[in-house]
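Given next are the chains, with one letter for each unit.
There are 2 protein chains.
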Amino acid sequence: MDFFDAVKARRSIRKYTDKPVPREVMDRALDAAILAPNSSNIQAWGFYWVQDPAKKKKLVEHCMSQSAARTAQELVVVVANPSLWRKTNPEMKKFLNTLPKVPTIVKLYYDKVVPATYGWKIFTPFKWLIYNLIGIFKPFMRRPATCRDLQEVWIKSAALGAENFMLAMAAQGFATCPMEGMDEPRIKRLLRLPWSARVAMVISVGEAASNGTWGPQARFQRDWFIHYV
Amino acid sequence: MDFFDAVKARRSIRKYTDKPVPREVMDRALDAAILAPNSSNIQAWGFYWVQDPAKKKKLVEHCMSQSAARTAQELVVVVANPSLWRKTNPEMKKFLNTLPKVPTIVKLYYDKVVPATYGWKIFTPFKWLIYNLIGIFKPFMRRPATCRDLQEVWIKSAALGAENFMLAMAAQGFATCPMEGMDEPRIKRLLRLPWSARVAMVISVGEAASNGTWGPQARFQRDWFIHYV
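If you're matching them up, the sequences are chains A and B in order.
Under our numbering, the first residue of the first sequence carries the number -19, and numbering increases by one thereafter.
Under our numbering, the first residue of the second sequence carries the number -19, and numbering increases by one thereafter.
FYI, nobody ran anything at the bench for these hints, they're computed from the structure.
Misleading hints may appear alongside valid ones.
One copy or any two copies: either way a pair holds, since identical chains are not told apart in the list.
The list that follows gives simulated cross-link-like pairs (lysine-lysine, DSS-like), each with its CA atoms no further than 25 Å apart [said to hold, decoys possible]:
#1 Lys(-12) - Lys74
#2 Lys168 - Lys37
#3 Lys118 - Lys37
#4 Lys74 - Lys35
#5 Lys73 - Lys(-12)
#6 Lys81 - Lys67
#7 Lys92 - Lys36
#8 Lys81 - Lys(-12)
Excised from the complex, chain A in its bound form (with noise of 0.2 Å):
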């Protein structure tokens, strides 16, 4: 499908049909969601495809069992994991090992600044102090500084791969739901997920019913939006 024909066909469903999605039309939706652009590219980023009947009933009780998670023929959880750095950025260092050219400051990037920047979490309030500090004198990266912040930044990249999947359903004549309506702690029991982790969305999959939605897809004024500066 044209890219930006999916775009406009890609509404929130609030209600399925019975129509199985097939398992080849998940997975390129889900190879697609890894491909968007991520936060130093550390890929912290975790798409959970629920199957298993009962943790799948489990799930749906906690996106309070609404309509959009109780019709869905399928659940995956969009997660957020800072901690996944510790085993993605030596893959990373490995692989700028492989280029020809890479300038020397971006080896020096996942050498030092990433492991500054995700790990020494004991330093949190002095990062936060000395960045803020050194902001006053010239423009300076103050964030991610804080445990908060680098789930912050991970939801963000987490969302980026979460409409690159939910447009390449859309491609495909499947729609999803992305639910923010969930309980996040019993979510993170579910699939076991480490402490410092985050449940970005659930999103629902299936085939749109004729009663998908409540109407035409509702946009306001565009330039409260959108601004030339």
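With chain A held as given, fit chain B onto it using these hints.
The following block gives chain B in isolation, referenced to the frame of chain A:
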């Protein structure tokens, strides 16, 4: 362009050519951005296309003059602006009243839940406490309770829109680079954003130079990110 081709074509580009980006190409991508799903359809996001030469120069400095910003033809600041709900929630209520069949619970949501969630900031500690107390006994949406939670929600939605924007540029043959390495407080002052707003990222736009990337796209072991549960 085919959707999956656009996903594959999108790479984060660090160096651009001198080729200008036509206005209609930018506008088409901005229009695609605001078709993304977003929290409660409150659309509390902002896409600031910075065109004024003096402001653009400042913005490049606030992106620490990195080459992805320095060599860019255009720059768009992606903003999360939680206070926009005061403008959009009344519109959403008006819109729902024009529809023939909307469940009462949906109208109630925009009448009561949205103001309680996005407003009532003085009650933040109580909200946090009550949500988590209820959550002990049954699945309950614990967030957003605090101001930071609200910013996080809107950063997430802004990221969904940002991904639409970047893919739309790729689908039109242009390249982008999302930058989180920027000085958020300075950019907020430059754009005169309200106190509660956040800068999710700055996206640079242009035609990719032949040395715009250091190598092929690096994605690590699929099963670190995609999980079948």
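Inset, instruction - Tell me, in ascending order, the numbers of any earlier hints that this structure violates. - result: 4, 7
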